[in-house]
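Colleague: Here's the letter readout for the chains.
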Amino acid sequence: MRRIDWRGALLRPQFMALAAVLGINWLLFPGFFDITLQDGRLFGSVIDVLNRGAPVAILAIGMTAVIATKGVDLSVGAVMAIAGAVAAVLVTGGSSAIVAVGAALLVGLLCGLWNGILVTYLEIQPIIATLVLMVAGRGLAQLVTEGSIVTFSDPVLIFIGTGSLFGMPMPIVIAAVLAIGATLIVRKTALGLLIEAVGVNRSAARFSGISSGLLLVVVYTFAGFCAATSGLIVAGDIRGADANNAGLWLELDAILAVVIGGTSLLGGRFSIPMSVVGALIIQAMNTGILISGFSPEFNLVVKSGVIILILVLQAPMTSQWLRKRMSEGKAQ
Amino acid sequence: MNRALRPLVATTAIFALAYLAAVIQFPAMLSTRVLGNFLTDNAFLGIAAVGMTFVIISGGIDLSVGAVIGFTTVLNAVLIMWLGLHPLLAFAISLMVAAAFGAVMGAAIHYLKVPSFIVTLAGMFLARGGASVLSSDSIGIKHELYTTISKSYILLPGGGRLTVIGMIMLLVFVFGIILAHRTRFGSYVYALGGSEVSAGLMGVPVARTTILIYTLSATLAGLAGIVFSLYTSAGYSLSALGVELDAIAAVVIGGTLLTGGYGFIAGTFIGVMLQGLVQTYIVFDGSLSSWWTKIVIGGLLFLFILLQRLVFSAASPRRKVFWKT
Numbered sequence: 001m002r003r004i005d006w007r008g009a010l011l012r013p014q015f016m017a018l019a020a021v022l023g024i025n026w027l028l029f030p031g032f033f034d035i036t037l038q039d040g041r042l043f044g045s046v047i048d049v050l051n052r053g054a055p056v057a058i059l060a061i062g063m064t065a066v067i068a069t070k071g072v073d074l075s076v077g078a079v080m081a082i083a084g085a086v087a088a089v090l091v092t093g094g095s096s097a098i099v100a101v102g103a104a105l106l107v108g109l110l111c112g113l114w115n116g117i118l119v120t121y122l123e124i125q126p127i128i129a130t131l132v133l134m135v136a137g138r139g140l141a142q143l144v145t146e147g148s149i150v151t152f153s154d155p156v157l158i159f160i161g162t163g164s165l166f167g168m169p170m171p172i173v174i175a176a177v178l179a180i181g182a183t184l185i186v187r188k189t190a191l192g193l194l195i196e197a198v199g200v201n202r203s204a205a206r207f208s209g210i211s212s213g214l215l216l217v218v219v220y221t222f223a224g225f226c227a228a229t230s231g232l233i234v235a236g237d238i239r240g241a242d243a244n245n246a247g248l249w250l251e252l253d254a255i256l257a258v259v260i261g262g263t264s265l266l267g268g269r270f271s272i273p274m275s276v277v278g279a280l281i282i283q284a285m286n287t288g289i290l291i292s293g294f295s296p297e298f299n300l301v302v303k304s305g306v307i308i309l310i311l312v313l314q315a316p317m318t319s320q321w322l323r324k325r326m327s328e329g330k331a332q
Numbered sequence: 001m002n003r004a005l006r007p008l009v010a011t012t013a014i015f016a017l018a019y020l021a022a023v024i025q026f027p028a029m030l031s032t033r034v035l036g037n038f039l040t041d042n043a044f045l046g047i048a049a050v051g052m053t054f055v056i057i058s059g060g061i062d063l064s065v066g067a068v069i070g071f072t073t074v075l076n077a078v079l080i081m082w083l084g085l086h087p088l089l090a091f092a093i094s095l096m097v098a099a100a101f102g103a104v105m106g107a108a109i110h111y112l113k114v115p116s117f118i119v120t121l122a123g124m125f126l127a128r129g130g131a132s133v134l135s136s137d138s139i140g141i142k143h144e145l146y147t148t149i150s151k152s153y154i155l156l157p158g159g160g161r162l163t164v165i166g167m168i169m170l171l172v173f174v175f176g177i178i179l180a181h182r183t184r185f186g187s188y189v190y191a192l193g194g195s196e197v198s199a200g201l202m203g204v205p206v207a208r209t210t211i212l213i214y215t216l217s218a219t220l221a222g223l224a225g226i227v228f229s230l231y232t233s234a235g236y237s238l239s240a241l242g243v244e245l246d247a248i249a250a251v252v253i254g255g256t257l258l259t260g261g262y263g264f265i266a267g268t269f270i271g272v273m274l275q276g277l278v279q280t281y282i283v284f285d286g287s288l289s290s291w292w293t294k295i296v297i298g299g300l301l302f303l304f305i306l307l308q309r310l311v312f313s314a315a316s317p318r319r320k321v322f323w324k325t
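Note that the protein sequences, when read in sequence, are chains A and B.
Terminal number for the first sequence in the working numbering: 332, no gaps in between.
Terminal number for the second sequence in the working numbering: 325, no gaps in between.
Treat the hints as calculated values from the structure; they're not laboratory data.
One or more of the hints may lead you astray.
Only pairs whose alpha carbons sit at most 25 Å apart, straight line, appear in this in silico SDA-like list of lysine to any residue [said to hold, decoys possible]:
| hint | chain 1 | residue 1 | chain 2 | residue 2 |
| --- | --- | --- | --- | --- |
| 1 | A | 188 | A | 206 |
| 2 | B | 113 | A | 317 |
| 3 | B | 151 | B | 140 |
| 4 | B | 113 | A | 266 |
| 5 | B | 113 | A | 17 |
| 6 | A | 324 | B | 110 |
| 7 | B | 113 | A | 12 |
| 8 | B | 151 | B | 95 |
| 9 | B | 151 | B | 171 |
| 10 | B | 113 | A | 311 |
| 11 | B | 113 | A | 252 |
Coverage of chain B stretches by chain A, computed from C-beta distances (three or more under 8 Å per stretch; other residues unrestricted) [stated by the list, open to error]:
| hint | region |
| --- | --- |
| 12 | 122-135 |
| 13 | 252-264 |
| 14 | 285-293 |
Here are some of the chain B residues that sit facing chain A, going by a computed Cβ distance under 10 Å [said to hold, decoys possible]:
| hint | residue |
| --- | --- |
| 15 | 63 |
| 16 | 296 |
| 17 | 306 |
Where is the CB? At the ideal position from N, CA and C, for every residue including glycine.
Bound-form chain B, shown alone (with noise of 0.2 Å):
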């Protein structure tokens, strides 16, 4: 076997008996219906991860994808609300401000020479302020689109439903696949990853890599945000709390490695379900409160951290650099 493949292969075994282990437990969750909602209830989530995904593995981390999906509900709601734009031409100018966002902070990011931790914490900071003051109240959206949107699935064999928002995941993911691992500006992230002067050196376009792929994150949480706004038919500035931190742990849990230079788009796939998994486990459950939810996703997080230790501990001679600049 592939020995680079070994994260991505513990990942889903790891996935595939906690699920066993679930069916087990509860008959019922061994279902499309189920499968479906994990779908379905993590698109948002999973368009952030896939974003993340890129940011990490060249490096660097974004925290601001939360604040962005939050910020695009609201600007969405505003654009179709109160100004009556089509839905279609509110989602166009949502992605293309998200996507200025974007390549404002990995501009910054490059030629401030500053961690990128930090821009992107400038950017949550605006993109949640900004929201705010657009509108500090949630607002509904009523468009017959959204009405069609939200009714529109595919039934599955067994009764589940595969919705729209579900499908969009799924064609990120497969869009984020190809990208990574078949075009060039893929190997230009990995090779940013690894070693950003080595990859100037071998002549990676450094900063033009760098903007885009910090537009592509906030691009790609932009294209959340609208599936959020579509999943909950509202926009409000504070929804999505937190979710840099599902994304990150979801990207960790794929197996990518937090130093850069290596990880899988599949990967955080498998980190996204394993996430719906656990809160679908809760409310399976019943008795547990929803703050397991918490405790359990931030223990899977120890866990695989550990887990990347002990195998690439062996496997590779590299010091580990504490921040990327």
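Extracted from the complex, chain A is given alone in its bound form (with noise of 0.2 Å):
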């Protein structure tokens, strides 16, 4: 088993750039840190980045798993708005909580296998393969609602959005258990390893004896599953399905959370805790741009800041140049 280095992971460029924008928050906003328990529900801004970070993280958790495999999944905006679509007309046309919410997990895990077979059976690009998802899903989503925003008074489903557990807001709860699980899954099996191996060299995996096939359907059927979870998420918490807004944009801001959490999108390398790291940074950043008074606009210039930064970090030029300043730093 390998042993985790914690002071090595604690100083990670991810968890700094996270305590430095909590920091600054901090700064603009002294009581930031306050948490305060009430009716058995914890308040507070930290609470609060936590909460709304939920939805991305969930998408992340997915994300990492199919950028993993030199792929990308763009419909899961669309995902998570069919899901909300689904659960919401099942709920009004007086079927089950139980049922809806199941209804809508299986449209998600449906329309991830379609991503899935699109990409390994039809060897499609994966961002083309689920562009057609992207493009159509919305529309489907519509389609579900007749295009009105559908809302509903279903005490289960407001729960999944709104409710708490142990005093924590629901979305956390969800987004934990996800992301500990499929942790657990991919490191204390050889998951994650094939899964590794499938996206640096698909053929070399194939030869290697994994059925990078049936792998690759999987990955994107649990991303397709993710995004209906943070789909109900969402629905829940506005009470009401709405086909054109819900998750939009959502899957560049889950993939901006993957990339910043340092899984690179050549295939590889991941790591799910850091993509939820990365999720909980974007989300500190629109929270303090909020708090901070700055138009909401604003949050688009700062992410393309970050995204630049990153892209900049990690090129190989820049290595190139750091260790040659480092050896003739070293000469002297």
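Each of the two chains sits in its own frame; use the hints to bring them together as a complex.
Modeller: Set out below in structure tokens:
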């Protein structure tokens, strides 16, 4: 078993970035770290960051696995909308909440399966294969809701979005369970290694006996499942399914979270916990911008700045330059 | 028949069949009025799709075009309405800003060795965010030039109108076809899409070509933004949301191979027209809701990707790559 180097892990740039962003938020808003317990639920800005970050964090869990196989899933935002629409329409049609949640998750799995089949058996590039569902998905969601925003008052669905368990808001609990579960599954079994092998070189993985096709399908299906879960949370949060806006552009946030977490878009080594940290960094920035009184549009500019910074830091050119500087420094 | 032209012929045939089917159901669709509106309503999409075709032929992708369109409309509105510049000067400034934006993205893609997908994603955030920072409200543009342009058109036989922005799109397509098939830059783009390493070994200036491709795409997106602001007489930071997806769909439907190295600008034109046909059909039908547009375009996209697979899996043994770096 691998031993975890805690001190090394905490010094990773992602944790330092998160600490920096939270620190800035604290400077802007001194009450940032205050947490109060009210009616058996925790409240506070930090809890809010976790709560609001949960949908993207959940998407990022599935997206990490997909990106580790050298793919990408652009359809997760649309799948969120479909899942929310299915659950809302079933519940307003008189089905029980269990059926609605089950059906929404099943639809998510099917969407993921569709993507997986396109990528694996039709050998379409992931970005294009999932583009089909990204374009058509919102239309499908609107077909389900018949173009209107379907609101519901089912206590179970609302609980998923806004309820709390042991004082923690439900979205955080779901995200934590999924993140820990997925991490354990990929790290305590060979699954993570197999995913990395397929991501690094699919042919080589196949020649060494990995059924890479099946693995890819499973990974995309899992991403669909995560998207559906996230869609349920978002729908429960607003007590309705908005086919136009639910999960809009969240696929980009999820990809960004994965990239911030250090998983390369070229496949291979990945880390689910770090992607979740990436999602939290994004949300902490969003919250910070809101607290500091800038308009929310400013978010996009800051986000692009962060991407550019990461790209420059990760570029081979930069590390070469750094290495050169270091060796020059030693020579003196 | 030249087998390289097969996908183009297939796309054209499908468009012709679809148009025929639509005309049989609604005879009124066979008029130059409808065709003229096809051109006018999709002018901005067509112009952006030409740039996207070059990017995709070179093996990349440009997610920033919709955002650049939005940014240009706002920049135009700000320059004309707030700073009182003449529209022509504003157009020139907007195009230069867009070109510089594209050049920086191209340089980042080449020198930082990151997938074009992620660089243009950052570009998309930056352009949308920049546009909202300039003005998050819609700014109406009132200027004589705008009224003159939107009023002038060539009357086609049958009462159809070929508007100025429709003509701009047609000119851009002609320019694109010549650039792709009759210039050295065009062959560089195809070579780069075939294989960047081989292209470099053959003496293609890879850095310059990459930068120029994204400059071209962003400049055309800027032009599309100008056309969009002429079309709507307004600048709005959220305009042309998701146009990059429509443009990619048009390129794919037009028979351009997503792995790069193969494609036609003329095919993209058919792809744009096919999308226009779907929209117009849904308007004519009246009972279908607008969200069917998305579903049908998604379905068409799937159909054409499948078609490409079938045509090319038999034709070429070349292994496909997931990402071009």
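Colleague: If a hint holds in the structure, say so; if it does not, say that too.
Modeller: Hint by hint, here is what the structure shows:
1. For the hint pairing residue 188 (chain A) with residue 206 (chain A), the CA-to-CA distance comes to about 22 Å; that is within 25 Å, so the pair holds.
2. In summary, the hint linking residue 113 (chain B) to residue 317 (chain A) is supported, as the alpha carbons are separated by about 8 Å, within the 25 Å threshold.
3. Simply put, residue 151 (chain B) and residue 140 (chain B) have alpha-carbon atoms about 17 Å apart, close enough for the 25 Å limit, and the pair holds.
4. Among the hinted pairs, residue 113 (chain B) with residue 266 (chain A) is consistent with the structure: their alpha-carbon atoms are about 11 Å apart, no more than 25 Å.
5. The suggested pairing of residue 113 (chain B) with residue 17 (chain A) holds, with an alpha-carbon distance near 24 Å, which does not exceed 25 Å.
6. For the hint linking residue 324 (chain A) to residue 110 (chain B), the alpha-carbon distance of about 21 Å falls within 25 Å, and the restraint holds.
7. Annotation: proposed proximity of residue 113 (chain B) to residue 12 (chain A) holds, straight-line Cα distance about 23 Å (limit 25 Å).
8. Between residue 151 (chain B) and residue 95 (chain B) the alpha-carbon distance is near 24 Å, which keeps this suggested pair within the 25 Å criterion.
9. For the hint pairing residue 151 (chain B) with residue 171 (chain B), the CA-to-CA distance comes to about 19 Å; that is within 25 Å, so the pair holds.
10. Taking the CA atoms of residue 113 (chain B) and residue 311 (chain A), the gap is about 9 Å. The hint holds against a cut of 25 Å.
11. For the hint pairing residue 113 (chain B) with residue 252 (chain A), the CA-to-CA distance comes to about 20 Å; that is within 25 Å, so the pair holds.
12. Proximity of the region 122-135 of chain B to chain A, defined as three or more residues with a beta carbon under 8 Å from a beta carbon of that chain, is established by the 10 residues found.
13. Evaluation of the coverage hint for the region 252-264 of chain B: fulfilled, as 3 residues show C-beta separations to chain A shorter than 8 Å, against a requirement of three.
14. With a cut-off of 8 Å between beta carbons, the region 285-293 of chain B has 4 residues touching chain A; three or more are needed, and the interface restraint holds.
15. Look at residue 63 (chain B): its Cβ gets to within about 9 Å of chain A, closer than 10 Å, so that hint holds up.
16. For residue 296 (chain B), the suggested interface contact is upheld, since its CB lies about 8 Å from the closest CB of chain A, less than 10 Å.
17. Evaluation of the residue 306 (chain B) hint against chain A yields a held restraint, the C-beta minimum of about 7 Å falling below 10 Å.
Of the hints listed earlier, there is not a single one the structure fails to meet.
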